[in-house]
Every structure is written in structure tokens, then in C-alpha cells.
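K.L.:
Produce the complete structure using the sequences and hints provided.
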Amino acid sequence: MSWLSRERVGATSALCVVTAAALAARVWFGDAQLLYGVRIDIPVLALSLASIARGARFGAIAGFILGLVTDAVQPEWLGASAAGYALVGFFSGSFGQTIYVDKTRARMALAGASVVVFDVVFGLLSVGIASPFFSRVLASLGSAVVTGGVTALLSRAWQLTFASSRRNSDLAADA
Amino acid sequence: MSSRPGTYLLAVLVAAGLLLRVLDTSTKAPLADLLLGSVYSPFFAVRGWAQEQAALRTDNARLRHLVGEMSWKAQAGDEYAREAMRLRGLWDLPLGQTPNLHIGRVVGWDRRGGHEEVIVDRGLAGGIRQYAPAITEHGVAGRVRVVTHNFARVQLLSDPGCRVAARCVRSGVLGVVRMRSGALIMDRVAVESDIAEGDTLVTAGIGGIFPAGLLVGTVTGVRRPTLSLLAEVDVQPAAQLQRLDYLFFLESQAQLPPGAPYEMETESTP
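Quick mapping for you: the protein sequence lines, in order, are chains A and B. The numbers in the numbering used here rise by one with no breaks, and the one at position 97 of the first sequence is 97. The numbers in the numbering used here rise by one with no breaks, and the one at position 128 of the second sequence is 128.
Everything hinted at is true.
To spell it out: a stretch of chain A is covered by chain B in this simulated footprint if at least three of its residues, at any positions, have a beta carbon under 8 angstroms from a beta carbon of chain B; those stretches are:
#1 58-71
#2 82-95
Calculated from the model, a selection of chain A residues having no Cβ within reach of chain B, i.e. all distances over 10 angstroms:
#3 Ser13
#4 Val38
#5 Ile42
#6 Ser135
Simulated from the structure, these hints should not be mistaken for lab results. Keep in mind that this is a model prediction, so the values were computed, not measured. For each residue, glycine too, the CB sits at the ideal point set by N, CA and C.
P.N.:
Here you go:
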């Protein structure tokens, strides 16, 4: 069946993984902060990595769905996260297709920038430009650094794992 | 960068998000409830299960600790009860003549070579002397055969080498309670003596070691052979010789003049 293509199954799986990661983080950690509002933004991290792999269209749709689900616990702001995550997913996917995405530092920078972009958009659409907005942006810079670092670690571990397995399969093919 | 359809898609999605944002909360509530009830519920269920498991683990550890503590207290309570019973039995002992009493805990048994001996954790330093009578709350258990500074070896009534001068409480008949051929008997009782099954035997106080009046045992059978001058009297010891935890030691009477210490004689093991 055409609608059950490998591409669609992969995209749906990635969307499920991103949503599950975001929900699990939301349910278990809530708004847990490391220090002064700095946090590991797991939804942005998952969305950024998935969008780099799947592309801009996937990123936009996944971000919108992820935002809706995330906003469900705060109905008065429903739509703010959806718009913010849609932007983050779209630009992560767009940049992921243009830059050399195998570079760990590029992924780290993209995840960090995604955190800042989302916090700015969400802040504008929720609390507006007020004193809490600027403190959130400051905290967002810290969160960007932390989330980017975690992204780099995950990315590096992913590369090491699959690069070694690929090397082994290549050796086996050569033999 | 992405293609134009991708940009349109983004514009539509962002516009939808903004539209949702400006809608009234009461209008958005059903959608939020639907998302919470459908998408979040499995995660809430898993989190609830995990929290319940963690609470159960904590409770389990606490209860296990409590059970151990209660078990230890119960065992200690049993031991206290046994000790109370011992002391209560000791209260009824006729110890007016021998006020000094020492207590030793049984730490070992020695049944080698037909002997029946126990080792207690008290010796000369604890006031125990050689030949000191060893009793329980039920009656005579034996006598101290060897004593060192910190330990004493007690020859039990069931040892073939231990003998106790006994008297029948009902009739006053005298005899010697001793172990012979694996059974406790009352020896040296004339065949025509007035002794019968069920009679109580106490120490006679004439043997040189045991004071008078300590319970020795009960007569469980009397046989009177026609061609013998002596009756065969079977005795059930009063003290539970197979279940000794503690022994009480009376002041030794071994300083009595020679000739009297009949009970100090020992016999070779058969």
C-alpha cells in the first residue's frame, strides 16, 4: 500500500518518539529546573534531533503536535507552544539539510539556538514583553548551553555506536 | 533552505497556533481535556505505578526491618519468660540452709565415653567450688566434678559416676539414686521397704554434697525379685537433664568431715 511507505512509517515513529519523550519529561520532571530557571529542554532536544534527521516539513508538523500536547496542561496558553515548536522544528529541519549535520558542534549549536527561539516565541505569546519575559530569556541562554551540551553528548554517543557498527559491517562485506 | 510548500505549511501551522492562543480558555478547555485524557493518561498511569512501586519498596524495607526487630524482641521475650520461670521455680526451692547461690550458663556438653557432663561458663572466679551441687528450678541436676578459673564441668545425674543419697518423702526410705544400665534407679533399697510407684524422692542430706530436701525425682516402677535382698526402683529425674540452659550452684558442702562424703565417691564408667 502506498500510504504505508517506509518514509511515512519512519516519520510517524519519529513523531511518536519525540512526543513520548516530551510527555515523559513533562509528566516526570514537570518544570524541574537545575538552577535559576536553567533546565534541560528535553522536548526541544528531541524535536531538534528528529527534525535534523527527518526534514523541515516533519519538523513543523511534529513541533505543532508536540506543542498542542505540551500546552494541554495549561489550556489558557494552548497554541503558544504549538507555534513555537512548529518554528523550532521547521528551522531545525531546514538547517539540518543545509549544514554538515554529522558535526557534533553543529547539532549542539542548533539545539541551543532552538531553545532560545522557542523560549522567545513562547514568552511573547504567553506572558508578553514584561519583566518576566527578559528573565526568561536570560534563563533561556543557560538552558540553551545545557541542552546543547546534552545534545552533543547524545549525538557523539550515537555516532560512536553506529559508526562502529557500520565499520564492522563494511569489514564483513569486504571479507 | 526548505521549499515553498514547506514554508506555507509552517505559516499555516503558526497561524493555527496563534488562533488557538487567542481563543477563549473555555473554548480551548475541551481540546485540552481530550489531550490530557487520551495522550497523557498512559504516562500518568506509568508514573503512578512507578511511584506506587517506590512507595511499596520503601514500605517493604521498613516492614522487613520492623519484622526483624519484633522477631528479636519476641525471642528476647521468650528468653525472659524462661528466666522468670526459672527464678519462680527457684523461689520454691528449700534453700534456707544455703543462701549463697551462683548461676552458670551451659556452654557445652560432653558425652564421650559414656559420660554425661556439661560445661558452664562459671568457675572458681564465679564462686563455684568442686563438688558443688548443681540444680535447676525443677530439682537436682548433678554436681561439679572439675572446676577451673572460668569454667566448671558438671557431672549430671544421668552420668554413671554420679550418686545422690535420696529419701522417700512419704515413707522416709533411704537409698542411692544413680544411673545403671542406661536407666536411673534408686539403689540399696531393701526388698521389703515401703516404696511404691509415684513416690517423690528428695535428697537425704547425708551424702556430703547435697543438702537435704532437694527434689531428685519420682518413682516410676518398683520390682521386688524373690531371690534378692534389694528392690529394683526406677526413677524419673525431676530436672530436665536434656534441656539445660542454666544451672544453679549451691555452696559446696565438701568441707564435711571424712566418712560423710559418700556422694563424693566416684565410680568407673561401666
